[in-house]
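Top to bottom, those sequences are chains A and B. Here the first sequence stands for residues 4 to 178, numbered as in the numbering used here. Here the second sequence stands for residues 4 to 321, numbered as in the numbering used here.
Worth double-checking, as some hints may not be accurate.
To be verified - Using C-beta positions, here's what the derived DEER-type ranges look like:
#1 B:ASP157 with A:GLY30: 46 to 52 Å
#2 A:GLY30 with B:SER281: 44 to 50 Å
#3 B:GLY110 with A:GLU59: 57 to 63 Å
#4 B:SER208 with A:LEU114: 36 to 42 Å
Hint data in this document are derived by calculation from the structure and do not stem from the laboratory. Ideal Cβ positions, reconstructed from N, Cα and C, are used throughout, including at glycine.
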Amino acid sequence: MVLDARDIARALTRISHEILERNKGAGDLVLLGIPRRGVPLARRVAERISAVEGLEVPVGSLDVTMYRDDLRMKPARALLPTEIPPGGIDGRTVVLVDDVLFSGRTIRAALDALNDVGRPEAVRLAVLVDRGHRELPIRADFVGKNLPTSLVERVSVRLAETDEVDAVSIDGAPA
Amino acid sequence: MKRHLLSAADLTRDDAELVLRTAEELRSLADRPIKKLPALRGRTVVNLFFEDSTRTRISFEAAAKRLSADVINFSAKGSSLSKGESLKDTALTLEAMGADAVVVRHGASGAPHRLAHSGWVRSSVVNAGDGTHEHPTQALLDAFTMWRHLGALDGRRVAIVGDVLHSRVARSNALLLQTLGAEVTLVAPPTLLPVGIDTWGVETSYDLDAVLPKADVVMMLRVQRERMNASFFPTAREYSRRYGLDGKRMRMLQDHTIVMHPGPMVRGMEITADVADSDRSVIVEQVTNGVAVRMAVLYLLLSGAEGVTGTDESENDA
């Protein structure tokens with residue numbers, strides 16, 4: 004195990020403060036989690052920001068399935084929920100939240116998906132784990148933990164909301 | 004899912020629930036400023052309609068266009084089809100044009116099946132109604148509408164009332180709703196129930212008034228006069244009195260019961276205007292849901308890799 008529940012909590016608290024510092028407050032912020040595990044992470048970050056700033060931050064989810072570049076190479080995938088907060092994203096600062104940043108292809112798809120929803124003032128990216136091996140010119144603005152990995156390894160993020168326990172671990176490492 | 008959608012019986016419970024869940028996500032698209040998704044960019048969907056059906060065709064057309072597919076409409080009137088071209092030659096033409104999916108409506112039962120399994124075309128075939136046989140996407144949109152109003156369909160009682168004999172909607176619904184766990188009762192005069200109905204696994208009744216108080220869903224079917232070449236009931240008026248849904252019968256329903264109709268309805272025949280326009284009626288919503296369900300079907304049949312079926316649940320590819 005690389006991160007336990009307390010490590011994840013601390014990382015999210017730090018990310019929340021970094022977002023506030025960078026954005027100079029919580030005004031105009033919208034957090035969009037990428038299903039599945041980006042969504043509970045976005046909610047947790049929003050709770051922390053609300054606790055500090057005393058105002059509700061809109062949270063939603065953004066499914067990128069139909070925008071993926073490998074859609075035609077794999078069997079049809081089930082769609083996951085997209086929920087844009089009622090205020091929309093036009094003119095706001097959108098923070099995309101995901102669990103693992105790897106090739107960068109999911110985020111590219113997310114940027115395309117955002118394009119069809121509206122025109123944000125700025126888009127930032129927050130991830131719990133950055134495991135490297137980028138295939139596109141994309142980087143995260145807020146990172147919980149940099150985790151250098153080999154390509155044969157698998158980073159597994161488990162969260163209480165979806166998997167009953169908070170933990171980040173690396174599987175399949177060569178002995 | 005299989006590569007074609009020819010019959011509601013092709014769908015397992017998992018397949019059907021996947022279509023419903025996918026449709027639920029796609030339905031929210033109607034509220035967005037840009038009602039388009041890129042999933043089927045560069046794919047070609049041909050609407051091959053040997054019978055007139057404006058509402059089904061535009062529903063499929065809207066669904067395909069919202070997924071960014073190219074749509075070619077091929078209807079019998081004013082085309083080579085009315086000049087005597089055979090189904091085979093039409094199919095070979097479509098294949099030569101590079102169709103990825105063929106949505107076919109045909110007056111003969113089994114025509115979509117022939118198209119899918121003849122080897123004439125490599126594309127996916129979607130049955131948009133064949134003769135008096137099946138209309139699976141209509142059943143899916145009906146199930147989707149029920150599911151949105153009532154939740155899971157297990158143990159729900161659905162009454163399908165009217166011209167079951169000529170209705171592909173009734174057959175597809177009976178198959179799909181039973182797959183989803185609902186109890187189906189077909190209500191019609193004896194002359195309008197098909198031979199061999201006992202093999203469908205459904206209840207039948209000749210008495211509408213006895214069925215209505217227990218039903219969670221009442222689906223009225225259109226009396227298909229164009230297929231009535233024999234006299235199935237004495238007069239239209241007698242049919243309306245015994246099997247039409249009017250305000251008086253509507254008051255026998257439970258509070259949560261919804262009234263459906265696949266359209267086009269004949270007001271005053273199988274359903275009165277006050278019922279069709281009442282709060283219980285979800286007839287207009289069925290049309291909206293039809294686009295979402297057909298998008299889900301096209302997406303699930305076409306978006307994946309060729310020759311690969313089933314869904315991919317792998318997640319750690321962020």
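Cross-check of the supplied hints:
Range check, ASP157 of chain B to GLY30 of chain A: Cβ separation about 47 Å, and the 46 to 52 Å hint holds. Checked against the hint of 44 to 50 Å, the pair GLY30 of chain A and SER281 of chain B passes, with Cβ atoms roughly 47 Å apart. Between GLY110 of chain B and GLU59 of chain A, the C-beta spacing of about 58 Å keeps the proposed range 57 to 63 Å intact. A hinted range of 36 to 42 Å is violated for the C-beta pair SER208 of chain B and LEU114 of chain A, which are about 57 Å apart.
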